[in-house]
Amino acid sequence: MANPLELRRRIRSVENTRQITRAMQLVAASRMRRAQDAADAARPYAQEVLGLMQQLVAATGDDLLPPMLQTRPVEHSAYVVMTTNRGLCGALNTNVVRQAMEDIEESRASAEVSLIVIGRRGRTSLARLVPMLAAFTDISDRPTAADITPIARLVMDGYLAGDFDEVQVVYPEFVNTLTQRPTSLRLLPVVLPEDADPRDADVIFEPDPATVLEALVPRFIETVLYETLLELTASEHSARMVAMRAATDNASELIDALGLTYNKLRQAKITSEIIDIASGANALAQRA
Amino acid sequence: MAGLTLTVVSPEREVLREDDIDMVVAPGIDGELGLMPRHAPLVTQLQAGTLRYRSGGDERYLTILGGFLQVMQDTVTVLADGSERSDEIDVERAERARAEALRELEEARVGGDDATVIRARLALLRALARIRTAQRAGRG
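First to last, the protein sequences are chains A and B. Residues 9 to 296 (the working numbering) are what the first sequence spells out, left to right. Residues 6 to 145 (the working numbering) are what the second sequence spells out, left to right.
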């Protein structure tokens, strides 16, 4: 480290790194806002679907409920684990994978487990641990409702065919910019929250409640998956933004420290040169 | 007499929210469905088609790609699988989609499987819903 030339080169390289991390930070910030907007835009539909589900379930007799609303003993569980395609987003994927493994270990005590992974990161880290049914790694950065259709089809068909008796989703819930909480949610069989204010019971259903409900359930499943996917996207970009801000700050600190060392070195060199000259001049003066 | 409130939501966004509407005509699963203020509470499925509504003297049009409709106390809520206002429709793209779907149907007739036929038929219905909505709104 004593070589000033080496130090200068090092400073320049850290400055380049800082430029990249700062650019990534800005890009992530704008993508995070976009992802949050998409999540906000999706909320009205999700709320209406939930409300309508509750109304239809109340109007349909218990024995007429579609299979996706009926619970059965769990011998085989499917897990949908949502991770990102790209890295450099802090501990986001590690946390989701850890949560998923905890849940899966628990399920394994009493049932077989199959895995459906979204995102390259999760595929890499979970591939060795659990038999994988499918992996979706081509979901775009701006997911649309259509992106979710193949995943929804897969879990619904599997559930209806009896391949598995429940479907769990593990995803990073976007709490705020600094916090993304790994969360588990049971997708199938559908269990609805209590209706806070039950709507008027005197409703005409065309053709009848059970038929409409049967048609609505797939939309509900897709909606829940789409919402978790939007949470994943918002979480990814905020985690990346925070990670890149930390990297930028670290780079700045490093540049300061290296600059200090470099200046000290430079000054020491100048001082020693002055001493050289001064002592040389002194020696000459004494001889004269 | 107060008018209807009409809300149209699709999975990705809220397409429309408007008050004081005199009448809504929606593509019900068993045919067109007219709704006026003080309609009885109703829940029904929708098929792909055009939803039109009248407000003041104006009549406006929306594409509905299937979904559900709910009437509750003078509030009409449409949960569409997809929906566009007539001015948002990309007519050229819909025409291309129609041609593509027709071609696929033709091919599938000669030894295609059921899934392809169903998919092509659905695509055709969606394209037609868009084209007809645009036509009714006086575009295309």
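Calculated directly from the structure, the hints in this document are not laboratory data. A few of these clues could be false.
[Claimed, not checked] Sample of chain A residues facing chain B (criterion: CB under 7 Å; computed from the structure):
{"hint": "1", "residue": "32"}
{"hint": "2", "residue": "35"}
{"hint": "3", "residue": "49"}
{"hint": "4", "residue": "53"}
{"hint": "5", "residue": "56"}
{"hint": "6", "residue": "58"}
{"hint": "7", "residue": "154"}
{"hint": "8", "residue": "214"}
{"hint": "9", "residue": "223"}
{"hint": "10", "residue": "226"}
[To be verified] Every beta carbon over 10 Å from chain A, so not counted as near; a handful from chain B, in silico:
{"hint": "11", "residue": "35"}
{"hint": "12", "residue": "86"}
{"hint": "13", "residue": "110"}
For every residue, glycine included, the Cβ atom is placed at its ideal position computed from N, Cα and C.
Quick rundown of the hints versus the structure:
1. 32: 27 Å, violated
2. 35: 23 Å, violated
3. 49: 4 Å, holds
4. 53: 4 Å, holds
5. 56: Holds, about 5 Å.
6. 58: Check failed: Cβ of residue 58 (chain A) comes no nearer than 11 Å to chain B, outside 7 Å.
7. 154: 9 Å, violated
8. 214: Cβ of residue 214 (chain A) sits 4 Å from chain B, so the hint holds.
9. 223: 6 Å, holds
10. 226: 10 Å, violated
11. 35: Non-interface label fails for residue 35 (chain B): nearest chain A Cβ at 7 Å, not farther than 10 Å.
12. 86: Answer for residue 86 (chain B): violated, closest chain A Cβ roughly 7 Å.
13. 110: It holds; residue 110 (chain B) is separated from chain A by about 21 Å at its closest Cβ, greater than 10 Å.
Violated hints, in rising order: 1, 2, 6, 7, 10, 11, 12; the structure is consistent with all others.
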